[in-house]
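Please model the complete structure; the sequences and the hints are all you need to start from.
There are 2 protein chains.
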Amino acid sequence: MGCSNEHAALAADVLLQADLRGIDSHGVARLIGYVRLWENKRINTRPNISIVHETATTATVDGDAGLGLVVAPFAMRLAIQKAETYGSGWVSVRNSNHFGIAGYHALMAVEKDMVGFAMTNASPLVAPTNSNERLLGTNPMCYAFPAGKYPPVVVDMATSAAANGKLEIAQRAGKPVPEGWIQDAAGNYTTDPYALKAGGSLLPLGSDKEHGSHKGFGLSATVDILSAVLSGANYGPWVPPFVAFLNPPADPVGLGIGHFVGAMRIDGFRPIEEFKLHMDNWVARFKSASTIHPEQKVVIPGEPEFEAEADRKANGIPLVDAVVNDLNGLSEKFGLSRL
Amino acid sequence: MGCSNEHAALAADVLLQADLRGIDSHGVARLIGYVRLWENKRINTRPNISIVHETATTATVDGDAGLGLVVAPFAMRLAIQKAETYGSGWVSVRNSNHFGIAGYHALMAVEKDMVGFAMTNASPLVAPTNSNERLLGTNPMCYAFPAGKYPPVVVDMATSAAANGKLEIAQRAGKPVPEGWIQDAAGNYTTDPYALKAGGSLLPLGSDKEHGSHKGFGLSATVDILSAVLSGANYGPWVPPFVAFLNPPADPVGLGIGHFVGAMRIDGFRPIEEFKLHMDNWVARFKSASTIHPEQKVVIPGEPEFEAEADRKANGIPLVDAVVNDLNGLSEKFGLSRL
Numbered sequence: 001m002g003c004s005n006e007h008a009a010l011a012a013d014v015l016l017q018a019d020l021r022g023i024d025s026h027g028v029a030r031l032i033g034y035v036r037l038w039e040n041k042r043i044n045t046r047p048n049i050s051i052v053h054e055t056a057t058t059a060t061v062d063g064d065a066g067l068g069l070v071v072a073p074f075a076m077r078l079a080i081q082k083a084e085t086y087g088s089g090w091v092s093v094r095n096s097n098h099f100g101i102a103g104y105h106a107l108m109a110v111e112k113d114m115v116g117f118a119m120t121n122a123s124p125l126v127a128p129t130n131s132n133e134r135l136l137g138t139n140p141m142c143y144a145f146p147a148g149k150y151p152p153v154v155v156d157m158a159t160s161a162a163a164n165g166k167l168e169i170a171q172r173a174g175k176p177v178p179e180g181w182i183q184d185a186a187g188n189y190t191t192d193p194y195a196l197k198a199g200g201s202l203l204p205l206g207s208d209k210e211h212g213s214h215k216g217f218g219l220s221a222t223v224d225i226l227s228a229v230l231s232g233a234n235y236g237p238w239v240p241p242f243v244a245f246l247n248p249p250a251d252p253v254g255l256g257i258g259h260f261v262g263a264m265r266i267d268g269f270r271p272i273e274e275f276k277l278h279m280d281n282w283v284a285r286f287k288s289a290s291t292i293h294p295e296q297k298v299v300i301p302g303e304p305e306f307e308a309e310a311d312r313k314a315n316g317i318p319l320v321d322a323v324v325n326d327l328n329g330l331s332e333k334f335g336l337s338r339l
Numbered sequence: 001m002g003c004s005n006e007h008a009a010l011a012a013d014v015l016l017q018a019d020l021r022g023i024d025s026h027g028v029a030r031l032i033g034y035v036r037l038w039e040n041k042r043i044n045t046r047p048n049i050s051i052v053h054e055t056a057t058t059a060t061v062d063g064d065a066g067l068g069l070v071v072a073p074f075a076m077r078l079a080i081q082k083a084e085t086y087g088s089g090w091v092s093v094r095n096s097n098h099f100g101i102a103g104y105h106a107l108m109a110v111e112k113d114m115v116g117f118a119m120t121n122a123s124p125l126v127a128p129t130n131s132n133e134r135l136l137g138t139n140p141m142c143y144a145f146p147a148g149k150y151p152p153v154v155v156d157m158a159t160s161a162a163a164n165g166k167l168e169i170a171q172r173a174g175k176p177v178p179e180g181w182i183q184d185a186a187g188n189y190t191t192d193p194y195a196l197k198a199g200g201s202l203l204p205l206g207s208d209k210e211h212g213s214h215k216g217f218g219l220s221a222t223v224d225i226l227s228a229v230l231s232g233a234n235y236g237p238w239v240p241p242f243v244a245f246l247n248p249p250a251d252p253v254g255l256g257i258g259h260f261v262g263a264m265r266i267d268g269f270r271p272i273e274e275f276k277l278h279m280d281n282w283v284a285r286f287k288s289a290s291t292i293h294p295e296q297k298v299v300i301p302g303e304p305e306f307e308a309e310a311d312r313k314a315n316g317i318p319l320v321d322a323v324v325n326d327l328n329g330l331s332e333k334f335g336l337s338r339l
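Sequence lines, in order, name chains G and V.
Counting along the first sequence from 1, when you hit position 267 you're at 267 in this note's numbering, and nothing is skipped either side.
Counting along the second sequence from 1, when you hit position 87 you're at 87 in this note's numbering, and nothing is skipped either side.
Hints were generated in silico from the structure; no laboratory data involved.
As the structure is a prediction and not an experimental result, all values here were calculated from the model.
Take these hints with a grain of salt, some might be off.
Because identical chains share one entry, a pair is satisfied inside a single copy or across any pair of copies.
Stated by the list, open to error - Calculated pairs, BS3-like style, for lysine-lysine (alpha carbon to alpha carbon, straight line, at most 25 Å):
1) 209 / 166
2) 112 / 276
3) 209 / 297
4) 287 / 209
5) 276 / 149
6) 209 / 333
7) 297 / 166
8) 175 / 287
9) 41 / 333
Right under this line is the structure:
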């Protein structure tokens, strides 16, 4: 596509880490989507990523329409640099594109014994409580904390009840989805996994008012404001769609999509070894919680991804046929050898 | 109780703001609870609140077992000072007590044209996904953003599906609660509003695994770690109970309960007037979203509290008889005039 070797290697690393960590929806399966956006001239493969506004511990970065896969790591490196000097660093990003898994960026801070934060807004698919209009993305937020003998605790979650990938799994399996994930175009709850494609919308975390969907809406709003209103990116229904066959809105309120990343030095609060000792105690206590069904243990946030990583590093990454076909198609297009 | 005039006035202000904003559960109705904790020697009315660890933009504060109502504003003032100089400020707090509504503290930053963050851990009442053990509090998180012509956007939410106050309302009304709020001691879903008192537990936001309760658990864990593992407060099941008739655990892992507050200067990212213009556009767009039922509009986070404030400033704060009786009992105890 014309990326520098450095950018191509970094983008590939972000995608491969998603596959390694078992988040197949955000790995090499997405490569064809990025290529299509580039073909539609919506991704700049030679971006001049720049800092457009700055204080000692805050900054706004303009991604110059580059791959979010390289723009977000640029922003996180800046946040980490600021944290090294001043204790914390916070970077809001405009004019970017889909950044892959939030956990990749947050874990960059964890490697430096910092708390890592990463969030992004995304194509509007989610309706706020009381509405049947798609005004928000699945807007993920990630908080990552180092531990001692245990792997880092990584909370990496869409702020909707279910992400789009889960609908696709139900579609492939020909099965209905649970009530509380989606509503149809009129705003009626439905279990039809195709309802989203037919003009319906995803529901915020909490699913309905009685169960706190206004909280999921509030979290999604927080991601949207920190990522886009703060940086000058598009927000709400103006966020450009990830899929290349849908055009961005003709009346943008900002530039591209937005991210927000941050890093805080743990030893800005207490000695790192003390913190890790207590993190290990926290993890151990929750892992040993009494269970309702003995075979279903309490799962520490991030644990399934670290288990997937260990397994896939040893045994390889399984790819479904559709992804292999997509990758071989890309290989032919770019004159590379097939898988 | 022996507080300084300054501390008494500040604590009263935090409680009154809760009542004014319509959050009756956290207003003067709680006064008797704080008094009981003081009678049990769990609140120090003359605390020496101190900074025990610090960088340019981070700090850990020890509340010296004082009222959270005065400790948290101390921490937020420190965060704001750091943000004024360096762009952002972040303070984790140990050895504190219940801090009232999170929104009060976050809004201190909004008054300075900053983004405000406030969270706290709390008495263990919530079970993580797959467990029937109470290991987490309702652990609220608050994010507050200034707007221009609209009131600030304030996301202030418990990370459980429902807070304890909603069970009490159902108890008084003699009504069942929706499935998805609580489970009984064995971990079965129940609609009995007394199940919590009978050894059951509240459920995380998302209610069950299919609807993302692991996300509510992850958010609650984030609050617990930032508030307590980072500061050296108690976390998880070791958090001392708010009610005075339950003793704190005999094997504490830290000091008191923990909070986490932060402030970021908006003009550390973009000019404040630009931000407010886009916040107004954001709010206006969501307020005008198409609705499923015409009489149920999209509610902007924080809007109901600002509407309650306008109403109660004009018409007064209604108090239920039980609260009036409690306050009159306190008046007699302290030799003050009755309401």
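| field | Intra- versus inter-copy proximity for residue 333 and residue 41 (alpha-carbon distance at most 25 Å) | value | within (17 Å within a copy, 74 Å between copies)
| message | As a check of your reading, is residue 175 near residue 287 (CA-CA no more than 25 Å) within one copy, between copies, both or neither? | response | neither (33 Å within a copy, 35 Å between copies)
| query | From the Cα coordinates, with 25 Å as the cut-off, is the pair residue 209 and residue 166 best called within, between, both, or neither? | reply | For residue 209 and residue 166, both the intra-copy (22 Å) and inter-copy (13 Å) Cα distances are at most 25 Å.
| said: My question is about residue 112 and residue 276: at a cut-off of 25 Å on alpha-carbon distance, are they close within one copy, between copies, both, or neither? | reply: within (13 Å within a copy, 35 Å between copies)
| field | Identical-chain pair category, residue 287 with residue 209, by Cα at 25 Å | value | So residue 287 and residue 209 pass the 25 Å test across copies only (17 Å; inside, 31 Å).
| request: Classify it for me, residue 209 with residue 333: is the Cα-Cα distance of at most 25 Å met within a copy, between copies, both or neither? | output: Intra 48 Å, inter 42 Å, cutoff 25 Å: neither.
| field | Status of residue 297 relative to residue 209 across identical chains (alpha carbons, at most 25 Å) | value | between (29 Å within a copy, 13 Å between copies)
| request: With 25 Å as the alpha-carbon cut-off, assign the pair residue 297 and residue 166 to within, between, both or neither. | output: within (22 Å within a copy, 29 Å between copies)
| 25 Å Cα cut-off: does residue 276 pair with residue 149 within a copy, between copies, both or neither? | within (8 Å within a copy, 45 Å between copies)
Of the numbered hints listed earlier, those contradicted by the structure are 6, 8.
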